[in-house]
Every structure is written in C-alpha cells, then in structure tokens.
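Using the sequences and the hints, build the whole thing.
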Amino acid sequence: MRATQSPHVLAKKDPHLRWRLLKDLIARRGVTLGGLSVIFFIVLIFFYLAYVVLPVFKPASIEKISDYPLPGDGNTLSLAIEEQLEVGARFTGVGDVVFFRVPDGAIISQTHVIPQGSEATSFFAADRARGTLTYGLNDGRVLVARHAYKSVFTEDRREIQPLIDYPLGETPLVLDPRGQAIKNIAFQDNENESSFLGVTADDRLVLLHIAKEVSFLDEEVTLTETRQELPPLVHDVDYILLGKTQARVYLLSRHGDLTNVDISNKSRPQVIQHMRVVPQHVEVTSVQFLTGHISIMIGDSAGTVTQWSSVRQEDNINRLVKIRSFNESPAAVTSLTTELNRKGLLAGDNNGVMSVFHSTSERTLLHEKVSDSAILKMAVAPRANGVIFEDAAQRVHFYRVHNEHPEVSWSSLWGKVWYENYAEPDYIWQASSASDDFEPKFSLVPLTFGTIKAAFYAMLLAVPLALMGALYSAQFMARRMRTYVKPSIEIMEALPTVILGFLAGLWLAPFVEQNLPGIFSILIVAPIGVLLTALLWNTLPRAVREPVSDGWEAALLLPVIGVIVWLSVEASPLIEAAFFGGDVRVWMTNEMGIGFDQRNAVVVGLAMGFAVIPTIFSIAEDAIFGVPKHLIQGSLALGATPWQTMMRVVMLTASPGIFSAIMIGMGRAVGETMIVLMATGNTPVMDFSPFEGLRTLSANIAVELPESEVNSTHFRILFFAGLVLFLFTFVVNTVAELIRQNLRRKYSTL
Amino acid sequence: MTTNIKDWYKSGAPWIWLVAGAVSVSLLMVFGVLALTAARGLTYFWPATVVQLEYQTADGPAQRLVGEIQDSEEVPAARVTGAGVQLPDDSPAVVRHLLKTGNRDIFGSDFRWILQPFVVSREAPSDLVVIERREWGNFYGYLVSVKENGALVAEGDEAWSAFQTHAAATAELHQRIKQIEKDAIGDVNYAIEQLRLTTRGLELEGELTPAAQADIEQQHAVLSEEFAALERELNELYQEIERNSYVVETMDGRQVELPFSKVVRAFKPNSMSLLQKVGHYFEKLWEFVSDEPREANTEGGIFPAIFGTVLMVMLMSIIVTPLGVIAAVYLREYAKQGFITRLIRIAVNNLAGVPSIVYGLFGLGFFVYFLGGTLDQLFYPEALPAPTFGTGGIIWASLTLSILTLPVVIVATEEGLSRIPRAIREGSLALGATKAETLWRTVIPMASPAIMTGLILAVARAAGEVAPLMLVGVVKLAPSLPLDSNAPFLHLDRKFMHLGFHIYDVGFQSPNVEAARPLVYATALLLVVVIMVLNLAAITIRNHLREKYRNLES
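In order, the protein sequence lines correspond to chains B and E.
Just so you know, we're using the numbering used here here: the first sequence kicks off at 1 and counts up by one.
Just so you know, we're using the numbering used here here: the second sequence kicks off at 1 and counts up by one.
Hints listed in this document are in silico derivations from the structure and should not be mistaken for laboratory results.
Note that CB positions come from ideal geometry on N, CA and C, so glycine has one too.
Any given hint could be a false lead.
[Said to hold, decoys possible] Computed list of lysine-lysine pairs in BS3-like fashion (alpha-carbon distance at most 30 angstroms, straight line): (1) Lys-244(B) / Lys-183(B); (2) Lys-23(B) / Lys-435(E); (3) Lys-629(B) / Lys-548(E); (4) Lys-435(E) / Lys-13(B).
[Claimed, not checked] Quick list of the computed label-pair ranges, beta carbon to beta carbon: (5) Ala-430(E) / Lys-746(B): 35 to 43 angstroms; (6) Leu-375(E) / Leu-54(B): 52 to 60 angstroms; (7) Arg-342(E) / Gly-681(B): 42 to 50 angstroms; (8) Asp-550(B) / Ser-121(E): 36 to 44 angstroms; (9) Val-703(B) / Ser-91(E): 42 to 50 angstroms; (10) Glu-514(E) / Lys-746(B): 27 to 35 angstroms.
Listed below in structure tokens is the structure:
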C-alpha cells in the first residue's frame, strides 16, 4: 500500500525521509544557484569589460557650484584658477592681481604689481604652466611677474596661499629703446633664454632676447640681451603668439591676416608666410596656443573655432596649415582657453554658451548655455576639472567639469586623424611618450591590421596543411596509423604557446633569416618531390609494393620530406650565392625595395600556423570522418574514383564542418598573444609585406597594460581592444558552433 | 608507359599522395619541435668538451682561443666578405662557429663568432678548467695556483686538489650565509613588518594606548637585537668567505686572481670519464630543478618557478573543480533542456576560444583592482597606500586561470554525465533514492573519471598559459615563495614566478639572451614534458572511460 503513496505524504510520517527530501531540495536549490552563478560570472566578463570601456565614449558634463559679483575693481584682463580649485586670480587693467576664493568669491588678497608712476598698456598671461604675467608699460618697458600657490598645513587644515614674485626682477626691462608705449606684448622663457615681443604705439615690432649663459668654472651667470626690430607688417597686430621654443611667432590682426615669422635667429627674423585665416567679413575674436605650442586655435565672429598646425612641408620649412575646425555655435566666439596637459579647449560665445572640444578626437564634448550674457573671460583649472568665467553681467561663475576621457572618439579610433607634426592624416598607434604635452595617438587600425596580417599568414600555412591532412587522415589513412597520427597532431594543441613563441623568436627567426631561399624553395620542391616519389612508387614492382598496404603513404613520405627539407636548407647558401648575389636580404632591399625585419610575418605565420593546425585539423577531421559511409560507398559503386568521391561527395557534405573548423582556427589565430609577442618586433606598422614586423591587439595589451595608469584613457582603450577581441572571437566561435551542430543533425538524418 | 601515367593521374592517386604529404609535414613539424626542444634542453647539462684553438685571420695576429663551440652554421661567403673579411679561398659558403669563451668580466662578452677557414689547429687539453661562478658567468682557462689570505698554498699539479678542498669549504660557508640571509633575517624582517602594521592598525582605530605602544616597542627591541646579532654573524662569515682566492690563466695568457666566494663548482671536462660526466649531468640536472636562479635568471635553477607554477595550478584546481562540476550538473541534470540551455552550452563552449589575454584583462580589472582594492580598504587599511591584495598575486592568478579553464571542466564533465546510461539513473530512482542521492551516490562517482579528465586538461592548459598571468601577478624574480614558515604560511597575496613566464622573460627580456638560451631550452623542455604527461594522462583516462561505458551499454 505504501508504495502507491507519494513521497511527500510519506515524508510527513517518516522523519528520516523528510530529512532526505530536504537534502534533495537543498541540493536542487544549491546546484541551480551554483550553476546559474557560474554562468552569471561568465556573462560578467563581457559586462565588466564594457563597463570599463564605456566612460571613454561619454560626453563631458558640468555642474554649477556658484556665481558671484566680480571680486575687486577694474576691467578684467585675464582669469586664473589653481589646481585645487580653491583660489582664483583676476588680473586687472590697472595692474592689480586680485586673489579670491573660488567657491564664494571672497577676496583673499590684492596686490598692485606695476611700479609707481607706470601704467600697464598691454598684458600677456598665456603661459599657465609657469604662471608668468607680462605687462607692457607706457614707457616702452616690460615687467614679468608670476603668480604661484603653496599649500600650508595649519591644524589639520590645508590652506592654499597665493603669492606674487618677479622671476626677472622687480625693475621693468627696457623693450623699446625709444620709450614708446607697448600696445601688445608676448613673452616666453625657459632655463636658457627669454624672449619678449611687443608692438609699440607707433606700430613697430620690437624683440628683446635675453640669453643666459652659465660659466662652467665658477657658475657665474652672464646675460646677453639682443634687441631687434622685426620688418614692418602690412596689417595690424592684435594678437601675438610666441611659441615656447622661441623660434616662431605668429602675428594676427583682428581682420584675419596672419604673418608667420621665423625668429630662431634673433638678429635676422624672417617672414615665412602671410595668409588669411578667416573668410571675408568675419573677424578673429580669440586666439590661443594649443598645449605644446604646435597648433593655434582661432575663434571667430561666425562662431567657428579652427585649428592651424605647424606642418613640415616638402621644402623642410614648417608652415601653418588648417587641420580641422569646430562649428558648434552661431554666435561669435568671445573667449577661448586651452587645457594645460591635454589637447582640449573650451570656448565661450556671445550668447553665454560654453563648449568643450578636443582637437585630436575632433569631439565636441559639451555645448551648454551657462549664462544669459556673453562670456568674456574664462579660465580652466590645470587638471581641467573646473572652470571659472566672467560674463558681460559682471558676474563670475564657477563650474566643476567632468571630462575624464576626451582623447578618443569612435572616428579617431578607426579613422585617419591629422596629428600635430604629421604632414597628413594617418593611422597611428603611439600611446605614450616621455614628453608632457605629447599628443597620444590611439588608432586601433594599425593594431587591427597587424592582427589580421598575423592571422592571414598563419592561416596561409595552416589551412592547406590542416585540411589536406584531415582529408587524408579521415578517408585514406590506414586505421592503425590513424590511431597514432590523430592524437599526435592533436597534442600539438596542448603545446604551450610561450614555447612556440620562444622557439619562433630565438630559433626560427634567425634560422629563416639565414636560410630564406632554402625555406621558400621547400614550398616548390616538396610537392614536386612528393609527386615524383608517388610516380616512382607506382613503377616499382608489385613485390616491393605489396607489403605496404594502402593508407600508409604518409609514413612513406616522412623520410622523403625530411630529406627534402634538409637538402633545401643545406642548399640555401648555394642558392643565395647563385641567384641573389650572396646575400638575399641585401638583394631584396636593393633590387625589390623590400625591407627585412628578422622577426617578421613569415616567422609568425610559421609559428602561429603550427599552433592553429591541430585546431583546424581536429574539427575538420571529425566532420569528414562523420560523413555517412553509405554516401561514399554509393559514389564508389557508381564508378567514381576515391579522389572524385572525396572531392565531389565527401568534401561537399562536410563543407559546413570544414568552414567552422577554419573559423575556429581563425579565432584562435586572432587572439593568440605569446607567439606574436615573441616572434614579431611589435612595431605597429601598416605594411602587408611578409618580411615586416607587426603588432597585434593582443600583444599590444600584454605590452602596454602593465605600464598604463589605472582608469586612464589609455587603460580603457586597452580594455576596448580586449572587448573587440572578445566579441570577435565569441561571434566567430558561436557561428562556427551553430554550423557544426546543424551539420551533426544533418548527418544523423542522412 | 605514357598511358600508364595518364591512367595513374586519372585515378586521382597523385592527389592522394599530395594530401598524404600534408600529414607527413604536420607530423614532422610536431616531432621536429619536440626533438629540437629535447636536444637543446637535454644537452645543456652535459659537460661539453672545451677546445683550444689556434686562430689566425688574414690580417690579425695569431690567437689562442679557449671555449665551448655552441653552434656551427654554414653561411654564404658573400655575407662574410660583405662585412670586410678576407677569406683564404673563394668557396661560395663558409662555416662559422659560435664559441663560448666565457670570462665576461675579462673580455666583456661571453661569445664570439669564429670562421672555420682561420682555425689552424684544434685540440682539447685535459687540464683546461671550467669554473662556474655566481657572477660574470663561466670561467674557461688554466688553474695556476691557490692562495689563502693572499699567501700561496698550492701551485702546479697540487693546485687542483687544493682548489677542490677550498671550493668545498667555501660552498659550505656560502650555504650558511644564504641560510642566515634568507631564512633567519627574512623571518625577523617579516616580524618587524608585522609589528609596524599592527601599530599602524591600532593607530587607525584610535586604540594605540601607551600600554600597547610600550608592548610593541619592547617586542621591536627584542627583534632589533636579534637582527643585530644575525648581522654580526653574517659579517664574520663574509670576512671568512672572502679570504681565499685562486689564480688562473685566461686564453690570452693573462693571469688573474679571483675569489673563491664566487665559485659554484669547477671541473675539467676534457679529463672526465664517461661515468663522471654522467654524474656531473645529474648533479646539474638536480641543481636545475631544486636551486634558485642566479645572475638575473640566466644561470642556476628554476625551483621558485616550478614551485610557483605548481602552487598556482593547485589553487586553481581547488577553485575550478567544484565550480565546473556544479555548473555541469546544473546544465545536464537540473536545467530544463531547451533553447536557453542550448544557448548557454554554446556560450560556455565558446568561452574556451576567447583569447586568454582577455581573461587577463578581466582578472586585472575585476579581481585585482576591484576585488583586491575593496579587500584592502576593508581589511588591510594599515598597509595602505601600499596594496596588499590590490596588486597582482597568486590568488588572483589562480582565480583568473580558473575562469579561463572553467569551460574545459564544464564541457568534460557534461560529456561524462551524458555518457552515463539512463538505466543507471532510473534504476537508482526506482529503488527510492532522491535525485540528489542518485547524483551523489551513482552518477557523480561514475562521471568522476570524466571530471578528472577535465581537470587534467584544465591543469595542462593553465600550466602553459602565460599571457593573462603577465597582467595578474607573475614576476621575473620573487623575493620569497608564497608558502613559507611565517604565519599564515600560505601568502595568497604574494607575487610568484612561473615556468612559462620564466621562458618569456629570460628568453626576451634578459640582458644576456645568448648565455641564457640553453637554460631556456631546458625550462621549455620541462614545461613540455609536464604538459605532455598531463595530456597523455587525460587521453588515457578518456579512452579507458569509453571502454568502460561501452561495456555498460552492451
């Protein structure tokens, strides 16, 4: 009777059974939970990679903190904000520096920097890295002051104290010996030299150059001053842009005339080019150097910001060339300011709209109305995380800026970008350099190209060998031989790729270099040798052939191919001497114009081909072996030769499986890291030549990730490269797997 | 005959021969790689003959060269003459040898290329000595005398035996120094560091009372005293070990005096009997697997790398086995078989094809920076800003590799589960067992060989994987093993050395690649052997298993 009762009913009576059922339930829940969480973890990989990558493509955002009336009096010449976003500075037309608290505008201190009796007639404060302020005075003299900030710790509070000093002394220096007022001034200095360039009230361009020389013996400093007048110009000079190398100066008028003057020889300035930088009836309203002083950004009354970069031209002279422009707002650009450590810039316009751009990525990261009146002066913090600006309503606004990753955009990752110092737009990967104002070049194209190139050469070797091998092993090989051969080839797959890479880099690469003609002659000699052997075997008397049954051809060929390879390698120096003048690399460079890297695509192709052969072989062999026997027997019975049956019946039936084998092999070749890392020179060049090196996405990750700063743009782009690899291989493998499953179903119905 | 060939061609036989050739080429490649690795790796330990050559170039003076010939190759003569060398005859090709002359401290480099046509004579004098040293690589030359504290004690024929006794005594001293430096001082340093962290921890929690501080200071004083005593002992040992020296003559006739403290071993390969050579071979082999690396990993042993690899793989197995088995049991036994399950199965299968570097990225971002960083914030605030778990370590490497090998275990286990005949499950259920009992008592035990196969394949894959490890905790030289005598004994946060990375690092990042090459071949051989054995084991188990189920089904 009890047998008919359900366990649950029984359980009520039997505590032991109840315990067993509880255990069963726990096991069910536990396994389900465990299984699902393992699967969840696998999915997590994808989402985690995407989560790291996403911030790169996010636009910038700003957050208003406060606004307040202009601290101090007088008209503002320029604004500044220090690194901690605590202290701001206002430089006024009467020669005052007003330091104020950025969050609420309270004045901290106010200093008059101009000596008594003088009057500031011009002002220059472009060099934010050093914090210098240059005043041109009404008597032809110039004064350099500097604003700096120091942290003082008082009773567990940190306070930023602003201060003013005079790097070139408190006494003004004479720029114009004739004592004319300086209408416009520019200044640059470094450890070795300082240059001033000013426009006087009577429109002369005067240059003062001070060279510092330190004597080796007594460390005495000698200053050499050179004063020079530049040739007169055909246009007014409203803006002077003096580069930090103090070799070039760009003079601009409000109406858009630009003169490019070479002042590398201070006593003989030379005009390089004259041009117009804005269309007719448009005025230049704001000009700034981009960080690095290679490009200038020009904002105009039509609301366009254009980037002009100094590009070396065919005659070896650098000239300004327009490389890109941003056109976001219809109103005139009233204020431009550039970021200190990145190639980014901020623009304010006549309607009170603020825009954030990045030159390399050509991205407009932000375009937002921040004030009801025109933005007159703007200053961005050194870390580009805060901005203050003054509007026409005489109020100062303070915003926080969230703009961590402006350097890349979808188009700069995959398209040509015109980088500074390059003659034309190009695909470049160069993530870092020693210099501070370096323009990072994040183009994934050379890396993707390298990946495809490496995979291509690997497949060139692997596909024919693996498929032909699979064909023979599945259909023609003797059963007994197959039981040894198949595991032998499959065990190749288990060989650590680091060993293949090591052999490729340290043994194969020099070997190929030494025996290049020999290696290539194997390609020709081996098939001929095999065919000749076959022919010879066919003409041998039956008595010799009889003991070797069909299906052992591969074993017979082992010594033949071994000898062919050995002979080809041995003959390599002779071939080289006979046909290539003794040194094939020299011959290639001179006669063919092909460069030769020792660690090149041929080496990668051989080593990675080796690694991919077992993958393709194993899957393709299964597919071919699985072709139903009655199809083959039917074909043979109808009089087809074994080879015809093979090509027209077996291959055709198994073709989806073969296709999926190739796809999976390619997936492996694309993602392989160690072999390419060790067997190539890892140079991100775009050259399809088999004798040049390459750099793949995966090797790039392995090389650069350990050195990249956590959560920097570079770090995230490397994750993006990983995501690309992940998605590519995942999609390829899934498609291949689906094809394979369908094939299996087809076979079972045949 | 022509018709015969035509028929033969028509039969398709040439094509069959051609595809057979592809198999032969693949096989040759496999065995070629294995043979190459074996040949280069195994000969490294053999005491090679050291030759003395009379070398006379066309324009230079006659030279006496002493060294091991490491490599010989034939190059086109044009390449040699292109470099400005005059050859005595004009044959199209010329043989050149790579001669390892050693004595890097004296000659600047270990190797030089020599051309066969210029070799006047070649002999192997029996009194040539090879001295393996802790610095500057091998010495090749003739022993002249042995000095004690600068005073001559043996010369000529007696020098060799005096050398041997002194070398043995010095080796003993060196052993003691190493023991003190590595173990005793290491332990004291560890204890001092722990004290510092305790202090900082108490300080952070605001519980650093004067009493606690006094207690810590007292402990610190004890440790400092211990440290000072050890240092004194060490100083004495150092003075003793530096006392003795020997004088040797190099190939260019110079006599140099070198200290015994740097000698590892010395031998006269040309006068060794076969038995002695075999003995030497095994001694070197033992040193290779049991000793620590010397000279920026280019000499000595690889024990820390073997240890690191084994420990990491063991940790990985502990993590991956339960996870993989549970996931497989869920997919095969509990989940509803349908479209979703099929999708999951494909996804799991394909994860095996995802590039390993992607797992490295995930490991670095998620495990190291996210999990590790959080752990540091929560449990190790006293060590910050120096990270404890927030940097690469053996636990993160093991976790990363267990995700990487998870698909292997899942697929193998599922395959094992699917091979178990229905009748067995149904029999168990019919006898009244619950599903969990059926699984636990019959299905999983029967599938255990399959699980084992999966695990072995996973271990083989993990042992050979390098790319992800480079991102999550492998280093070229770890100061200490992740397992030692200091509580808690197993230091999961430590960085470790790994065989595969060792190959990459020594072969490609080492300052003296040429000298390190034989050692890299030996390391590669060891790794290949381990992985081959594991794979063959997996294949054997799998075949055995298939036989067993075939019997069950019938």
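Going down the list of hints, with the structure as the test:
| no. | hint | verdict |
| --- | --- | --- |
| 1 | Lys-244(B) / Lys-183(B) | holds (21 angstroms) |
| 2 | Lys-23(B) / Lys-435(E) | holds (10 angstroms) |
| 3 | Lys-629(B) / Lys-548(E) | holds (26 angstroms) |
| 4 | Lys-435(E) / Lys-13(B) | holds (20 angstroms) |
| 5 | Ala-430(E) / Lys-746(B): 35 to 43 angstroms | holds (37 angstroms) |
| 6 | Leu-375(E) / Leu-54(B): 52 to 60 angstroms | violated (25 angstroms) |
| 7 | Arg-342(E) / Gly-681(B): 42 to 50 angstroms | holds (44 angstroms) |
| 8 | Asp-550(B) / Ser-121(E): 36 to 44 angstroms | violated (57 angstroms) |
| 9 | Val-703(B) / Ser-91(E): 42 to 50 angstroms | holds (44 angstroms) |
| 10 | Glu-514(E) / Lys-746(B): 27 to 35 angstroms | violated (56 angstroms) |
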